[in-house]
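Build out the structure end to end from the sequences listed, making use of the hints.
Each chain, letter by letter, is given below.
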Amino acid sequence: MPRCRLPLLWALIAVFFLAQPAFAHEQSGVSGGLISGLLHPLTGADHLIAMVAVGIWGAQLGAPAIWVLPITFPLVMAFGGVLGVLRVPLPMPEVAVALSALVLGAAVAIRLRVPFAAAAVLVGLFAVFHGHAHGAELPSAANPLAYGVGFVAATGLLHLCGITIGTLSRWPAGERLIQGFGVAIAALGCYFLALSLEGAT
Amino acid sequence: MRRTLGVAGVAAAALIGSAEAADAHIVASRLGDLYAGALHPLTDLQDLILWIALGVLAGSLGPAKGRWLVPVFPLGLGAGLLLGLASGVASAGPVADAGMILVMGLLIAAEMRMPATLLCAIALGLALIRGAANAGGVGPETSWLLFATGLASAGYVAITLIMGLTVAFRGADAAPSMTWRSIATRALGSWIAAIGLMMGGFALAP
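In order, the protein sequences belong to chains A and B.
Add 333 to the 1-based position in the first sequence for the numbering used here, that's all there is to it.
Add 1490 to the 1-based position in the second sequence for the numbering used here, that's all there is to it.
If you're looking for bench data, these hints aren't it; they were derived computationally from the structure.
Quantities reported herein were computed from a predicted structural model and do not represent experimental measurements.
Some clues are possibly wrong.
Label pairs and their calculated CB-CB ranges [unchecked claim]:
#, chain 1, residue 1, chain 2, residue 2, range
1, A, ALA450, B, VAL1593, 47 to 55 Å
2, A, THR500, B, ALA1582, 40 to 48 Å
3, B, LEU1651, A, ILE346, 40 to 48 Å
4, B, TRP1558, A, GLU508, 25 to 33 Å
5, B, ALA1502, A, PRO505, 54 to 62 Å
6, B, ARG1557, A, ALA396, 31 to 39 Å
7, A, LEU530, B, MET1602, 43 to 51 Å
8, B, ALA1695, A, LEU490, 40 to 48 Å
9, A, LEU372, B, THR1607, 43 to 51 Å
Quick reminder that beta carbons are idealized off the backbone N, C-alpha and C, glycines included.
What follows is the structure in structure tokens.
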């Protein structure tokens, strides 16, 4: 063996001995629950865009929606999550989740102004369906409390992202950009709605 | 020379990559029970969430009311540990824990004002329950006095720090307000309540 390959051999030996078990699937314990909970709202594109849209719409609507939203939404969503965990059936949950992205995206795109109570009822209804989907898909091996911590934190941070994006509406160019985001979210919502309707039939 | 350096580099990388925590000090001696008592609650999410919730609640009520918790909470933890050891009842159960997390979160989210006596009563009740829950970490060889001292010290440091951070973040003014700092504190309470709600659901799940 040429001498120049010796370091490579040493490196291979080091890699072999430092190898750790791979967790390619469902993770377990507190860390697994935390990671599963954090990643779950981020890995479903329909959930992710709807959560960001909620934050943007809240910012567009201004007070009191912009501060009521981050306080009440996690609770309503957790209520939906409990329904999912308890296997309480909801009608066409996947269709409702896709529809939420479409409706909320459209509301952002056209700067829909509705009374606060109507916006709260609409967002609350969608929150129940989103929470239900997350609760029903809890990994069986994960620590439930850690999953809840990760799930709630990730959802809240997605809203915060949306609210931060929504603050661009202070400037005319930013408002146009946000409306563009709304169109993109609504278009993706249409796509997911078509997929879920196809799956439901 | 270059080859030697390459081998040394790989060996150094392997050493760094495989390094583990050194246990060279007094953890294995009797004083280890003090550390065990201090660390035991910090490895339990129920304790962490409830302690944070209590600290945030007390801090949001202002330093005048919150400072009473500095002696009440650690002493309650120590008393709870002794009660747990004496009675043999270690844990209140996941549904009760979830209920406590939910109520604490709702109190923060609703920005509930309350007298100092009620806050102290809540803190004492919570400390007794969580102190008893930590009794599970006391083994036959463990010195209960050192363990209780460690637990109470951890409670003292944690509750004081969290209250102090909340007061520094939110301001010493205890009146309800619509500033973004106040809203952020209430949103944190909502997150805590949501976690409690989900935990309750998981505990009741078939």
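CB of B:ARG1557 to CB of A:ALA396, is that within 31 to 39 Å?
Since B:ARG1557 and A:ALA396 have Cβ atoms about 34 Å apart, the given range 31 to 39 Å holds.
Determine whether the Cβ-Cβ distance between B:ALA1695 and A:LEU490 falls within the hinted range of 40 to 48 Å.
Since B:ALA1695 and A:LEU490 have Cβ atoms about 26 Å apart, the given range 40 to 48 Å is violated.
Is 40 to 48 Å right for how far apart the beta carbons of A:THR500 and B:ALA1582 are?
holds (43 Å)
Okay, A:LEU530 versus B:MET1602 on CB: inside 43 to 51 Å?
At roughly 45 Å between Cβ atoms, B:MET1602 and A:LEU530 fall inside 43 to 51 Å, so the hint holds.
Quick check on a hinted range of 43 to 51 Å for A:LEU372 and B:THR1607, using CB atoms only.
holds (44 Å)
Has the hinted range 40 to 48 Å been met by the Cβ atoms of B:LEU1651 and A:ILE346?
The hinted range 40 to 48 Å holds for B:LEU1651 and A:ILE346, with Cβ atoms some 46 Å apart.
Taking 25 to 33 Å as the stated bounds, is the beta-carbon spacing between B:TRP1558 and A:GLU508 within them?
violated (49 Å)
Hint says 54 to 62 Å; check whether the CB-CB distance for B:ALA1502 and A:PRO505 agrees.
Distance hint for B:ALA1502, A:PRO505 holds at roughly 57 Å.
Measuring from beta carbon to beta carbon, are A:ALA450 and B:VAL1593 in 47 to 55 Å?
Given about 27 Å between the Cβ atoms, the range is violated.
Hints 1, 4 and 8 from the earlier list are contradicted by this structure; the remaining hints agree with it.
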